[in-house]
Amino acid sequence: MEEVIILLSTYNGERYLPEQLDSLLNQSYKNWKCIIRDDGSSDNTLKIIESYIVKYPNYFSLVNDGENLGACESFIKLFSVSEGSYFMFCDQDDVWKTNKIKKTILKMKELESKFSSDIPLLVHSDLEIVNDSLQTIAPSMFHYQKLNSSSKKLNQLLVQNNITGCTMMINSAFKNYIRNSNVNEIIMHDWWFGLIAAAFGQIGFVSDSLILYRQHGANVVGAKKIDLVGSIKGFKMFVKKENKFVSISHTFKQANCFYNLYETVLGGKQRNILTSYINFSTFNFVEKLRIMNKYRFKKNYWVKNFVFQYLMLTMKS
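For the sequence shown, the working numbering assigns the number 411 to the initial residue and increments by one for each residue that follows.
Don't take each hint at face value.
[Unchecked claim] Below, in silico cross-link-like pairs of lysine-lysine (DSBU-like), each with a Cα-Cα straight-line distance of 30 Å or less:
1) 563 / 507
2) 663 / 708
3) 457 / 517
4) 562 / 679
5) 563 / 440
6) 708 / 726
7) 440 / 457
8) 585 / 698
9) 679 / 714
10) 507 / 585
11) 663 / 563
12) 556 / 440
13) 512 / 556
14) 443 / 556
15) 709 / 726
16) 443 / 465
17) 563 / 513
18) 519 / 585
19) 524 / 562
20) 585 / 517
21) 704 / 726
22) 519 / 507
23) 512 / 562
24) 512 / 465
25) 524 / 709
26) 512 / 524
27) 726 / 663
28) 709 / 663
29) 562 / 709
30) 679 / 704
31) 556 / 513
32) 465 / 524
Note that these hints are calculated values from the structure, not bench results.
Bear in mind that the values here come from a model prediction, so they are computed numbers and not experimental data.
Turn these sequences into a full structure, and let the hints guide you.
What follows is the structure, encoded as structure tokens:
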């Protein structure tokens with residue numbers, strides 16, 4: 411039974427943190443350690459962490475430099491300073507189901523057998539969406555948000571991320587690809603690791619919901635239901651916004667950051683995909699249609715894809 415390193419970034423999480431830490435202790439897979447980095451909490455989060463370290467010193471440890479980095483940079487920093495073979499990412503306000511580590515590492519072993527442990531391997535799973543008191547909102551986030559678990563190629567992940575960090579396990583081969591970068595251009599750590607796996611390794615998916623994904627007012631990233639009526643109403647409001655291109659421009663910046671970091675180790679097809687996406691807004695309408703069709707830049711679910719393609723085709727450099 412190989413050791414799994416669980417990386418947990420906390421920030422003012424006193425309300426839900428004990429439930430999450432208890433859910434780690436209740437895992438059926440027992441060979442794990444949780445390394446916690448606090449991101450400058452001003453509530454009782456640190457006291458809670460310290461009490462668990464005192465009680466369970468073999469399971470919990472704290473990396474505390476006092477800086478407030480934000481979730482993305484905090485998780486990337488945690489990964490950079492941690493050593494191990496397998497790493498999982500943990501949010502402070504969720505609850506892990508008891509078989510989460512076990513089922514995730516089984517899928518990781520499948521990937522290793524099929525491919526190699528020398529390349530970046532990423533495993534993620536579905537989630538059960540719950541409310542503040544852990545009552546079920548939706549048993550499957552992939553169904554709720556109309557996500558496609560088979561979307562794991564570079565051209566697909568440049569456009570839309572379907573990997574949720576708190577379900578994610580990665581192997582140590584990612585260490586070879588974590589380089590100094592402008593974290594401000596990385597949208598979120600899970601998206602970034604997904605791009606690395608898509609470009610240089612493999613991605614596996616566990617269809618079971620292995621986590622209670624809590625929705626509350628303080629969520630950094632939440633799960634919103636996607637349906638036809640809501641999407642059409644949202645589109646009508648969206649096209650009137652002056653900043654409607656901002657979200658896509660962020661994906662361009664992230665793609666450009668990725669290209670600049672890994673240009674020398676990317677294959678020719680990957681470079682073409684990235685440069686076509688990065689420079690998409692500079693092309694004329696006909697060229698945009700050609701490139702969009704050639705590289706299959708599209709989102710899951712037809713309404714979301716309609717909005718995406720409308721923005722891509724009307725966006726100007």
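Verification of the supplied hints:
1. 563 / 507: Given that 30 Å is the threshold and the Cα spacing comes to 28 Å, the pair holds.
2. 663 / 708: holds (18 Å)
3. 457 / 517: violated (35 Å)
4. 562 / 679: Holds. Residue 562 to residue 679 sits at ~16 Å (cutoff 30 Å).
5. 563 / 440: Between residue 563 and residue 440 the Cα gap is close to 33 Å, so the pair fails against 30 Å, i.e. violated.
6. 708 / 726: Distance ~18 Å between residue 708 and residue 726 Cα, so the pair holds.
7. 440 / 457: holds (24 Å)
8. 585 / 698: violated (36 Å)
9. 679 / 714: holds (26 Å)
10. 507 / 585: Holds, at about 28 Å.
11. 663 / 563: Roughly 19 Å separates the two Cα atoms, so the pair holds.
12. 556 / 440: Between residue 556 and residue 440 the Cα gap is close to 34 Å, so the pair fails against 30 Å, i.e. violated.
13. 512 / 556: holds (26 Å)
14. 443 / 556: violated (34 Å)
15. 709 / 726: Holds: residue 709 and residue 726 sit about 20 Å apart, inside 30 Å.
16. 443 / 465: holds (14 Å)
17. 563 / 513: Holds, at about 23 Å.
18. 519 / 585: holds (18 Å)
19. 524 / 562: Distance of about 16 Å is within 30 Å: holds.
20. 585 / 517: holds (20 Å)
21. 704 / 726: holds (20 Å)
22. 519 / 507: holds (20 Å)
23. 512 / 562: Distance ~23 Å between residue 512 and residue 562 Cα, so the pair holds.
24. 512 / 465: holds (24 Å)
25. 524 / 709: holds (28 Å)
26. 512 / 524: Satisfied, since the Cα-Cα distance of roughly 19 Å is no more than 30 Å.
27. 726 / 663: At roughly 15 Å apart (the allowed maximum being 30 Å), residue 663 and residue 726 satisfy the hint.
28. 709 / 663: Between residue 709 and residue 663 the Cα gap is close to 18 Å, so the pair holds against 30 Å.
29. 562 / 709: Judged against 30 Å, a Cα distance of about 12 Å means the pair holds.
30. 679 / 704: Answer holds: residue 679 to residue 704 is near 12 Å, not above 30 Å.
31. 556 / 513: The given pair, whose Cα atoms are some 23 Å apart, holds under the 30 Å limit.
32. 465 / 524: violated (40 Å)
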